[in-house]
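J.: In order, the protein sequences belong to chains W, B and U. Note that the numbering used here gives residue 26 to position 26 of the first sequence, counting from 1, and the numbers run on in steps of one. In the numbering used here, each residue carries its 1-based index in the second sequence increased by 368. In the numbering used here, each residue carries its 1-based index in the third sequence increased by 677.
Hint data in this document are derived by calculation from the structure and do not stem from the laboratory. This one's a predicted model, so the numbers in the text were calculated from it and none came from an experiment. Glycine residues also receive a C-beta, built at the ideal position from the N, C-alpha and C atoms. Any given hint could be a false lead.
Said to hold, decoys possible - Here are the computed lysine to any residue pairs in the SDA-like style, where the Cα-Cα straight-line distance is at most 25 Å:
id	chain 1	residue 1	chain 2	residue 2
1	B	Lys666	B	Leu601
2	B	Lys621	U	Gly1077
3	U	Lys741	B	Ala502
Said to hold, decoys possible - Here are some chain B residues pointing at chain U (derived, C-beta under 7 Å):
id	residue
4	Ser512
5	Leu514
6	Thr534
7	Ser625
8	Phe640
9	Asn642
One-letter residues, chain by chain:
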Amino acid sequence: MAAITITCLSKTFGAVKAVDAIDLTILDGEFVAILGPSGCGKSTTLFMLSGIETPTGGRVLFDGDDVTAMEAKDRSIGLVFQSYALYPHMTVRENIAFPLDMLKIPKTLRAERVARAAGIVQIGELLDRRPHQLSGGQQQRVALARVLVKEPRLLLLDEPLSNLDASLRHAMRSEIRRLQRRLGLTTVLVTHDQIEATTMADRIVIMNRGRIEQVGTADELYRHPANLFVAGFIGSPAMNLVTLKPAHGEIRVGAAAASLQDRSLASVTVGLRPEHLRFAAEGLPGRIALVEPMGREVLYEIETEIGVLRLLDPVHQIRHREGENVSIAVSPDNLLAFETEEGRSLPLTVHASGPEVAKSLVRSESLP
Amino acid sequence: MTALAQGDLAGLGSLAPRRQRFEAAPYLYLAPLILLLGIFTFWPLLHTAYLSVTSWNLNPGVPVRYVGIANYEDVIDSDLFSAALWNTVVTILVSIPLKVLLPIPFAVFIWSMGSRGEIYRTVLFLPTMISFVAVSVAWLWILSPLGGYLDLVLSSVGIKLPPLLTRAETALGTIIGISTWKIFGFHVLLFLAGLTRIPHRLIDAMRIDGASDGVILRRLIWPMLGPTTLFVLISTVIFTMQQVFTPIDMLTKGGPSNATTNLFYVTYQYTFMNFSVGQGAAATVLLFVFLMIVALVKFRLFDRFVHYR
Amino acid sequence: MLTRRTLVATALAAPIAAPAIGQARQTEITVYHYQNDRRGEAFKDIIRRFEAANPDIKVTDVFKTDATITAELQAALAARRPVDLGTVIGIRVQFYRMRTPAVAFDEDPAQAKWLENYLPNFLDVGRHGGKIYAVPYAFGTPMLYHNRDLVRAAGLNVDAPPRTWDEVIEWAKRIQAQSGIPGVAQIHGSNKFYGTMLMANNAGGRYVSESGDRVVLDSPEALAGLQLWQDLAVTHKVMPIANDQQWTAAFLGGRLAMYITSSALLRQAVDSAKGRFELGVAQYPLFPGRTQRRVPNSGGTFMLFSPPGPRREASLRFMAFLSELTIANEWSRESGYMPLMREPLRDPAMQSYVESFPYVRPVIAQMPDTIATETWNHPNALQAENTVATLIDDLWAGKGPASQLVPEAVRRANAALSRAN
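Bound conformation, chain W alone (with noise of 0.2 Å):
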């Protein structure tokens, strides 16, 4: 097990920073997911850490030894890869004993922990087959096993749901998650999907465009994302922003008001969650335009005078049709304000909110 540190990794491609100096640590035994859209350089940087990529600037430290130079093998770690890359001519047991090979670990002790491998993935019945003859499952499972069977100090998996359907996703999920608490392996994971980071990942880095945008627990970048792309990125349905004019220093959505640190500035982002907002007898008073029944849950689209708004109403049943004016409340603890250019978040202090305000909330603040 191995406590990771970054010091101002940078990847270039030619002319394309891929990987902008940055900086990061991982505890020993943490579930780290990188988390961002395609082309931020997660995958990049996983691949820096496993050693295929050798970095053009910057450190990686594993439990304070410089690595940055070593080659993948000597790093005992162990990366899945987004295909698996399982070895196509070879049984599913040549496999996993091929590191073990490599090692030179003596035959009688390679099977023992070949089979101590399948076990923990449950593959053991699936030994003598070849990948083509396996499942997407079965063959993700193998290539967890063969990363296994090195015991090493760090895993890396690249995307490794990604290419299963929606119900075994969930089911591998759980069961990655379940794996790496077992075994108390650091973990990094990159994905694009933030459902698989937040269920499955201890704490989220958010990169953006090869920078770190924001690190930290799934709570945290729910309810304090640092900026307009950690704020727009996390939560779906995505978070309503719209720009709004202080009033000395103060913003205002129906009868939720703020104030703001720095009261000279003109204009502001603010950010409201569409599960965070209510109808209410009185408040900002709006028109919807589209109603989308979700199953669980109902979305609506109501024009206001501050924008096109989204409401995620957590009922099954239609409330409002189409054409009719509501009126929308939200608690002033769930606004968030950010610099319209610069997107980073603006602190706000919440004014003591009233009665009438208080009784036109119905939830709790939990996440979605």
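Based on the hints, put chains B and U in the right spot on chain W.
T.: Coordinates of chains B and U only, in the frame set by chain W:
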């Protein structure tokens, strides 16, 4: 079946008398191909077999005489034929490592260079595009021990070039060498095509598992090249024998001391230089049998080792 | 009824039809020919002049290089394409006589008076059963070409070329010692038939028996000839082992001092040597101990394949034209082939030719010493030829003296001949 009433079955009346109608269309589509095959492949085969038991001199005015297996006896007894058989076998056996195995490391090297390997690929492939006749003439002059290009180069460092094409010990090797040089680039290209089907991630995975380049070559690339290797092997065995006809005819005419003759050349000599069509046909039939044996051996031996995905 | 329409139609049709009608009365003959230097222009010129003088005959000529003319002719005969006169290499004349519809030129002696123009020993090649089946037209005789510059540099008397083989060996050794350039080589031809025959003949023996169906290289004379050939390569080491193309190129490039090949190469040798070295041509050397050289004349002959009728007549008329003294001599001058007529120097044009082109003098001087090339009179001599060619390779490789290797090879060759049908 009980659910189906009689009335339902009556509705299927048009299918009830199940007489197959003869469909002409497939046969019509196949007809041109069958015709071509018949005229250019099967009839000559049968006719050759027929000619092999006759004595004829290609002259339409002269009647054909039936002579039984006399032609076969003549051909098999002649030293010309036994030398040709031996040379053909040697050519095939020596060609296999040179033309099938040696291109692999070259292909892997060029593949590992990515787009910078283009220039090497092109240069290696150039000999394949030149006609074998031109290649033979060029090599004739290069290898001439009397002031040929190689002779001049070696003389300048004091080495005397031996007469490679006119000495029995070296003639066959020289011809095999020339034909290898010519086909090499093409085989490298075939292997490159096979290599592109190997996902690059597999190599990364092996590297992480601790494999050296040698191990990757042996345990990943070589097995995954299996189908390509088999293809190159088959094509080498079949075509090598035929391709060396041109250099033999242009450089050594089967000599010296029958060192370079082979089954194809002997057949040509019998039929077109000597006009003993009967013996030429007998030699052809024997060659055919030889090729059948080779093909059989190949399929028995190698089919097991190749997996297709 | 001669309507206006019919008249107009006829008037329009006439000019189109006229040439066709004119041609319908022409006899067309096909002539397959070859020429050493691959140009064929000189012969085509003769054809055009013949056509001009004989407007009722049209000659279609098919020109090939010597390597392919045999195959072309055979293919044409097998495919029953029209062939009237075809080139057949001297060695193969009897073979063709036996296996193709070739007819004798003097089937009707009245149409073959022109045969008398030829030097009789040149017609021997085509003689069988008292009739002539082949008429030479592209003949040569082996000459000793040499590089006078190298000779001079070795301190030898360049105006006294070697007359005997011993002298040739002496010259070769001196040149080799002085310049390092190899001394001498002799053309061996396809399956080494020509070279073997030459060495055997000059020593007083034969390769193929008079009957044409047995190998007789084991006679003492032929053995001696082959032993000399081995000595050149193995004992005296004056003959580098290579093949005909390499020797020819080496000599023409100045990297071989002496080369024995047909006089047919004369033109090409003169052209190639120009500006490179001074060419010398001498008669073929005498065999040690003999006072008379015995060398074959051989090359391309014409054989007649026409069916009886106007085509055969037209072909014979063409041969007559070709055999006129002036025409034949002109052909010899243009092509560089040996003159074939009796007393060629009767023709003043020939005389001035010899004056202006002295290289051809030794060729003409050698003509009376030539004998007809040997020919096989056996349908399947390939195996035997191959056995003899292997024998020569073995001799040159020094695998044993001629007295040991030759009789065994001859026995095997004759066994193959008697076995083959």
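J.: Does Asn642(B) pass the interface hint, meaning its C-beta sits closer than 7 Å to a C-beta of chain U?
T.: Holds. Min distance 4 Å.
J.: Below or equal to 25 Å on CA atoms is what counts here, so check Lys666(B) against Leu601(B).
T.: holds, 9 Å
J.: Would you settle whether the hint for Thr534(B) is holds or violated, based on the nearest Cβ-Cβ distance to chain U being less than 7 Å?
T.: holds, 5 Å
J.: Regarding the hint that Leu514(B) lies at the interface with chain U, is the smallest CB-CB distance below 7 Å?
T.: With Cβ-Cβ at 3 Å, under 7 Å, it holds.
J.: With a cut-off of 7 Å on the beta carbons, see whether Phe640(B) makes it to chain U.
T.: holds, 6 Å
J.: Taking the least C-beta to C-beta distance, is Ser512(B) closer than 7 Å to chain U?
T.: Because about 4 Å separates Ser512(B) from the closest Cβ in chain U, which is inside the 7 Å limit, the hint holds.
J.: Do the alpha carbons of Lys621(B) and Gly1077(U) lie within 25 Å of each other, as the hint requires?
T.: holds, 24 Å
J.: Is the Cα-Cα distance between Lys741(U) and Ala502(B) 25 Å or less?
T.: Distance ~19 Å between Lys741(U) and Ala502(B) Cα, so the pair holds.
J.: Verify the interface restraint on Ser625(B): the C-beta must sit less than 7 Å from at least one C-beta of chain U.
T.: With a minimum Cβ separation of about 4 Å from chain U (threshold 7 Å), the hint on Ser625(B) holds.
This entry satisfies every hint, going by the numbered hints stated previously.
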